[in-house]
Structure formats: structure tokens, C-alpha cells
Amino acid sequence: MKNTWKTAALAAIALFISTAFAAQTTKYKVMLQMQNYTGKNAYVIISLINPKGGYDKTLSVLGDDNEWYNTLKAWDKFRKVKKEKLNGITGASVAGGGRATRVIEFETAKLEKGYKIRFESAVETQKYHTKDAEIDLSSSALDNREGVKGNGYIRNVRFIKVQ
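Those letters in the sequence shown? Residues -22 to -1, 1 to 141, per mature numbering (1 follows the signal peptide of the UniProt record, and there is no 0), in order.
Don't read these hints as lab results, they were simulated from the structure. All values derive from a computational prediction rather than experimental measurement. Do not rely on the hints blindly, as some may be mistaken.
Below, simulated DSSO-like cross-link-like pairs (lysine-lysine); rule was C-alpha separation at most 30 Å, straight line [unchecked claim]:
1. K18 x K30
2. K61 x K18
3. K94 x K7
4. K91 x K63
5. K105 x K60
6. K105 x K30
7. K7 x K30
8. K139 x K109
9. K105 x K7
10. K55 x K5
11. K18 x K109
12. K35 x K91
13. K18 x K58
14. K18 x K91
15. K91 x K139
16. K61 x K91
17. K91 x K51
18. K139 x K35
19. K55 x K88
20. K51 x K18
21. K91 x K58
22. K127 x K7
23. K88 x K18
24. K7 x K51
25. K63 x K5
26. K7 x K88
27. K60 x K109
28. K5 x K127
29. K63 x K51
30. K127 x K58
31. K91 x K55
32. K7 x K61
33. K91 x K30
34. K30 x K63
35. K127 x K18
36. K127 x K105
37. K94 x K127
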């Protein structure tokens, strides 16, 4: 009986410690508005970029047919090396003039540390935009009601913190 209590107590302590040290995350709803371009739907990748300018993590993929991921050249190279699982973060591509919303999640500890959120986009047989839009991973930038303007297929991106 004593061993059962000791085992249960140790399990409870281990659970408490692992919960206390688990990475806290922050969530934002991303609202994406596309330019009125002609052509096929755009594939858009939302990535977390580290302070050195390299890819850290894929936050969301708008476009679920992996046959076209190679058109997003820089991200596809990262994806093939990192072998990230994209289940749960992929969705439909976005038409010209269309809108899309996604919820992204990242480690809270990366806020205000020089990270960025990058949006890259591609449309079949048209130009690829490595940095269609990019924003600092900071509370002031993400909470700015104006959002960030795109310079390719993306017109505007806005963020709302999810409680």
C-alpha cells in the first residue's frame, strides 16, 4: 500500500513539474484579404522566421494539395529538410479578392525576441512572392489595427489575439 501511495505521489509531482515547465503559447486569429488578381487560387504559407532570417516553424498552410508546395520554393526547401507534420494546419487555398481566417499559435517566449511572421504566396503559372507580407513578432506590431500590407497577392493581413 505504501508503494502505491509513493508511486501516485511521484506521478503527481512529475505531472506538476512537466506542466509548470511546458512552453506557454500565444494564439492569434489571422485575417487575410487577397488582391483582386486573375488566375488560380493562391497558396499562402504562414511561417515563423527566426532572428537570423531562417525558417523556424510552419504556422499555417492555405492550400492543401501538396503537389503544388514546390511552387513555394524557399518554404518547400525548409519543409523537405525539417519534415514537419502539416496535419491540422492546412486548409483551402484563397481566390483573388477572397478572404481567409486562420488561428496561429507560437511559443510566448519568442515574442519581442526578433522573430517575424512571414506570408509567402504563389499562384499557378504566375509570380512567386517569398515575402508577400512580413511582420515583427511583437505585441505592438500584432495588436496594430492597421495590420500589415502585402506586396504581391495579399492585400492586407490583420491579427486579433485569441484569449
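- Enumerate the violated hints, using their earlier numbering and listing them in ascending order. 1, 14, 23
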